[in-house]
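Assemble chains E and Y with the ligands onto chain A, guided by the hints.
Protein sequences, first through last, are from chains A, E and Y. Counted from 1, the first sequence has number 526 at position 526 by the numbering used here; the numbering is strictly sequential. Counted from 1, the second sequence has number 1047 at position 47 by the numbering used here; the numbering is strictly sequential. Counted from 1, the third sequence has number 2189 at position 189 by the numbering used here; the numbering is strictly sequential.
Simulated from the structure, these hints should not be mistaken for lab results. In this text, a Cβ means the ideal position worked out from N, Cα and C, and glycines have one as well. Errors might be hidden in some of the hints.
Claimed, not checked - Restricting the straight-line Cα-Cα distance to at most 30 Å, the calculated cross-link-like pairs of lysine-lysine (DSSO-like) are: (1) A/Lys130 - A/Lys143; (2) A/Lys267 - A/Lys563; (3) Y/Lys2009 - E/Lys1162; (4) Y/Lys2020 - E/Lys1173; (5) E/Lys1174 - Y/Lys2105; (6) E/Lys1171 - Y/Lys2009; (7) A/Lys414 - A/Lys314; (8) A/Lys235 - A/Lys314.
As the list claims (entries may be wrong) - In silico contact screen, one side only, chain A against chain E (beta carbon under 8 Å); selected entries: (9) Gly387; (10) Arg410; (11) Ala413; (12) Arg479; (13) Gly484; (14) Lys486; (15) Gly497.
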Amino acid sequence: MSKKIGVFVCHCGTNISATVDVEKVAEEAKKNNPGVSYTTTYKYMCSDPGQKLLRDKIKEEGLDGVVVAACSPKMHEHTFRNAAKKAGMNPYHVEISNLREQCSWVHPDKPTGTEKSIDLVRMMTEKTRKDKSLNPIKVPVTKRALVIGGGIAGIQAALDIADAGHEVIMVEREASIGGHMAQLSETFPTLDCSQCIMTPKMVELAQNENIKLYTWSEIESVDGYLGNFDVKIRKKARSVDLDLCTGCSSCWQVCPSKKIKSEFDMKLGNRTAIYIPFPQAIPSKPVIDREHCLLFKDARKKNIPPNDSKVCRKCLDVCPIAPVKAIDYSQEDEFITEKIGAIIVATGFKELDDTSMYGEYGGGKYQDVITGLQFERLASASGPTEGEIQRPSDGKLPEIIVFIQCVGSRDPAKGCSYCSKTCCMYTAKHTMLYKHKVHDGHAYVFYIDIRCAGKDYEEFWLRAVEEEGATYLRGRVSRIYKKGDKLVVLGADTLTGSVVEIEADMVVLASAMKAQDDAEKFAQKLSIQYNKDKFFSEIHPKLKPVESSSAGIFLAGTCQGPKDIPETVAQAGAAASKVLALLSADELEREPVVAKVDRLPAPIFSTCIGCFYCKRVCPYGAIAEEDIKARDGSVIKTVARVNEGLCQGCGLCAATCRSKSVELAGFNDEQVYAEINSVEFN
Amino acid sequence: MKIKITTKELKSDFAKEVKERSGIDVKKCYQCGKCTAGCPVAYEMDYMPNQIIRFVQLGLRREALTSRTIWLCASCITCSTRCPKEVKIAELMDVLREMALEEGVANPMEKNITTFHEAFLNSVKKHGRISEFWMLSEYKRKRPKTALQDIEIGPQLMLKGKLSLTPHDIKGKKSIKRIFEKFK
Amino acid sequence: MTEETKKTKIGYYPGCAITKCSTSEEYGTSVLGVSRVIGPELVEIDDWNCCGASSAHATNHKLSTALSVRNISLAEKDGYDEVLAPCPMCSQRLIISQNDVHEDKKLREEVEDAIEMPISSNVKVSNYLEIIKNYSMDEIAEKRKKKPEGLKVASYYGCLLVRPPKILKFDDPENPTTMDEIVTAIGAEAVDWEFKTNCCGGGFTLSRPNVVVKLTHDILEGAADAGANAIAVACPMCHANLDMRQKNIEKEYGRRFNIPIVYISELIGLALGLKPKDLGMDKHFIDTDFVVDAFSNIEE
Ligand SMILES: Cc1cc2nc3c(=O)[nH]c(=O)nc-3n(C[C@H](O)[C@H](O)[C@H](O)COP(=O)(O)OP(=O)(O)OC[C@H]3O[C@@H](n4cnc5c(N)ncnc54)[C@H](O)[C@@H]3O)c2cc1C
Ligand code: SF4
Ligand code: SF4
Ligand code: SF4
Ligand code: SF4
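Chain A on its own, in the form it takes in the complex (with noise of 0.2 Å):
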């Protein structure tokens, strides 16, 4: 029985309609295409309206195939499909002719465009004629969630899904959780002490009971799709066993090996090779730094077991736990696989800290010429001069102190064209920090523009200028050279159409927000994308600003790009209550369009001949192999299977396979083949 077809033309307002003759092609679905046996045009079949329209005219009509000729697919085959399904058709009967973005949009000319159009519904009633019923795929829901990285970002989203009932595993690669936020001293725009904010959260997340945390571990792989994710965790050897030790301190204090520079203070001071990265760290156990630990490096010297080493041996003898010692010199990286339903990235930002490109910057050669990171910490309490603003070289307290902002950011010819978004403000943060320790100080500022555009920011620089009394002079620098003692500073202040010549005691680059180090690597391993500067992409940066390219894996915080605490915050919230909506159902929904490998009666099984060119091409891995067996269990052929949770959809393997055994749902030859056939060629 041949189908009934209705054909609704949108005229997209005048978006279509100005180039496209909508009544003319609605006029020519009916005349020459066999089985139409409606056709309408509509202002916006989007609308309400519109949408009613389909569903009376699938009833009214009887139809059982539509084909809606307005925008791409990609905007509203969901909104027609179910439209559809109320009016109680299968979904899968509703076919898009993109008449937008492929024909109105780019072709001025209107008989053209029209013509186009008549050959893209005829294509599309084709394959609708051949359209089956799908129905929806299931697939089950592991309820527990992983949150990569252990900043304000991964700690926030973690607890907020933990404190909704579910479990979280956290995998962090530092031996401390906290991230960044724990190296500043105070934040704006409130000026609150970063660690009293933070530690209570730290404490908490180690506290709470849905939570499991690795620390100094990293993600292996990760298999599998949403809602079922196998994550393959690398727990590196620690040297110490964290159920054993009690954080009592005694190894470090002994540790003779003092003098490792402190990537917790931006290298600013030092701390020994078995250390806790900072006093509030979570958890509160040390870890060897196997590089700079005196046993490590004489054992790789001789090429013997740790263990077997006799130098140092220090922290050992010094651990009280008995009988077994809390510290392991023999412990091996160990590996773990978790299951896991969804994933929120939370893996931050990384402070430009290598500035060689700025050779008129000294490329870092002057050790008074300090990042914005390793400002913070001098200005920490707990940082290596305890609060005091002593500048590294003499430890000298600077009198004359120059800002300079938009460091590596906003800067194309050193390869980054993006705003920091964060250095205007933490610039006025620490002018005020500054004076605030250095009373009598002046504290000058480099800026182009001034982007403080949160609530309360303009306030807060301003309260810097006016209150606080620092200068800001509009102007990128030039140079900065050394001259005694003394940094001269090159810039200029272009209100005034002036060059400016400040000879200061030290020199603050308000450097840039970067991506981490490893982030492509990183993203290639999770199969999510990246932009040119490679922070991750969300799909959609307006409408799903948490979702990553990968369905079931989230993004949360300064991976995504350059932002501040607040934002920051509010978007781990938003992740975590994007996983905990798909937690939050038993089973998930997926669309049909998949492949399948053909199963066929004994004795053939299936046509697939087990060549697997199939399974190369696949981007998403969701071929496997398959033994088909004998009752005694023995293997009559290996055949291709597709993993419906894996597949996307996109056909690769369709289209490779030599003995065509694979079929895409939707997309089978005999509807594509429809379609090109019906294209008139002249």
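Chains E and Y with the ligands alone, transformed into the frame defined by chain A:
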């Protein structure tokens, strides 16, 4: 002197003309001032290098072409080298000088500089190479006020055998003439 | 570079300023003198013309391009694939012009018509530091006869050797080190200082001496304060400005530097044991005896 900007300037094609002649797109400049900050001669200029670019951006042809700045630029290329937006400022100065000369509006206050260029090129045109002695003489003749300046240096150079009175003409003088004829 | 690929004959484009009887003849004299000892052999391009220097590019881009490019075409005609232009004004103009005609087809056609020769794209124009670094570092080490004592040299590169970096592609524009390496190779101490690529005022010697006096003062001060007792240069304009203006600077700023300004080629020559007179050491304004004496003590 205050500058008044009206739609006449804003609508003008000055920036486009500059771009067509030189390929330099002043739109790219976001006025950060780094060029000015590093310019070794900025302190002598009437307008800062970034202001010259601004003039071009806004169609202020007269201000740009009659400025002293374009002549005072030493072509050190520090600005272009450090410009975050890779605007070729030094090269822009070249075009503006060229246009100022074509339009006869070069700032008379920097006549020393333009005269020097003239004398230099005259010598090249005549001999194919520079004859330092004759080039200097022409310059001093045309800028009599500079006659006494550096009066002691000339004789010293002579003494050291560094100023020759006989110009060296190249064989291909004709070819040089042709070049000068073509690109007047 | 391996022995086989080493070119031994290189086209020589002296440019106006360093030929005999010109203001910077000692640069030319010493470059040629040194090359006779350690190579590579330099052969003057027949009938070269002035590149037009800043006067041409500052006032007439096409003229400047044609004047420069003519010399490259002559070099190709003479069969060279590399040309040394010791004067950085010349090397910079030649390279930029070569680059411009490659980027702009119309310009190329116009210029080819004007110079009545095809434009070559195969000739590489090199500055003096590049030539020494690429061909002669080993020879210097081998044939060095004298080692200077107490000579602390600030290498001054100026603008034209390093800028524009994208086109010249030579060394680091903010902190170049090639000349320092050469200074070290001849046994002198290379002083680290901050003014390696600051501008000296270039062509404003005559038309705007006040500018030159200020800029050269800053440079001399930078070198002196960094502990240098000589400044090495590879540019006739830098040399002229730094060497001739020290008196004016003293008048203007009240500081007497009396720092000898020497060409890097002269320093190499001295190390190779060439006679100071043959290197033109007597042609300077600031007495160079101190430098010459530094080399006289130790024979290697
Ligand atoms: C100098 C400076 C001052 C600032 N001052 C303020 C301020 O006053 N107020 C304010 O609101 N904002 C401020 N900010 C911004 C603030 O630091 C950030 O908004 C915030 O830290 C971002 O948090 P995050 O969790 O996204 O990233 P991060 O803090 O970078 O945390 C990311 C975490 O992920 C971990 N990680 C990374 N990769 C992996 C991986 N592959 N596997 C496992 N774990 C991984 C990291 O170790 C880290 O712990 C400032 C920024 C700077 C640079
Ligand atoms: S073995 Fe010695 S050097 Fe190594 S962490 Fe322990 S105390 Fe430190
Ligand atoms: S936030 Fe301010 S300082 Fe930072 S890059 Fe943007 S404009 Fe520059
Ligand atoms: S440095 Fe570049 S962007 Fe900045 S003002 Fe100058 S030309 Fe414009
Ligand atoms: S090229 Fe001209 S404008 Fe640019 S920095 Fe040098 S002197 Fe100044």
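Outcome of the hint check:
With a C-alpha separation of about 39 Å, the suggested pairing of A/Lys130 with A/Lys143 is violated against the 30 Å cut-off. With a C-alpha separation of about 24 Å, the suggested pairing of A/Lys267 with A/Lys563 holds against the 30 Å cut-off. Proximity of Y/Lys2009 to E/Lys1162 is assessed by CA-CA distance (about 29 Å); at most 30 Å being required, the pair is judged to hold. Distance restraint check for Y/Lys2020 and E/Lys1173: the Cα-Cα separation of roughly 20 Å lies within the 30 Å cut-off, and the hinted pair is therefore satisfied.
Annotation: proposed proximity of E/Lys1174 to Y/Lys2105 holds, straight-line Cα distance about 25 Å (limit 30 Å). Between E/Lys1171 and Y/Lys2009 the CA atoms are separated by roughly 24 Å; this keeps the pair inside 30 Å, and the hint holds. Distance check on the hinted pair: A/Lys414 and A/Lys314 sit about 47 Å apart at the alpha-carbon level, beyond 30 Å; violated. Restraint check for A/Lys235 and A/Lys314: satisfied, since their Cα atoms lie roughly 25 Å apart, inside the 30 Å limit.
The closest approach between the C-beta of A/Gly387 and any C-beta of chain E is roughly 33 Å, which is over the 8 Å cut-off, so the hint fails. At about 7 Å, the closest approach between the beta carbon of A/Arg410 and any beta carbon in chain E falls short of 8 Å, and the interface hint on this residue holds. Given hint, A/Ala413 at the interface with chain E, holds; its Cβ is 5 Å from that chain's nearest Cβ, closer than 8 Å. Annotation: interface hint on A/Arg479 holds; nearest CB of chain E at approximately 5 Å, less than 8 Å.
Using the Cβ-Cβ criterion of 8 Å, the hint placing A/Gly484 at the interface with chain E is not satisfied: the shortest such distance is roughly 21 Å. Taking 8 Å as the C-beta contact cut-off toward chain E, the hint placing A/Lys486 at the interface is violated, the least distance being around 18 Å. The interface hint given for A/Gly497 is met, as the beta carbon of that residue sits about 5 Å from the closest beta carbon of chain E, less than 8 Å.
In this structure, the earlier hints numbered 1, 7, 9, 13 and 14 are contradicted, and the remaining ones agree with it.
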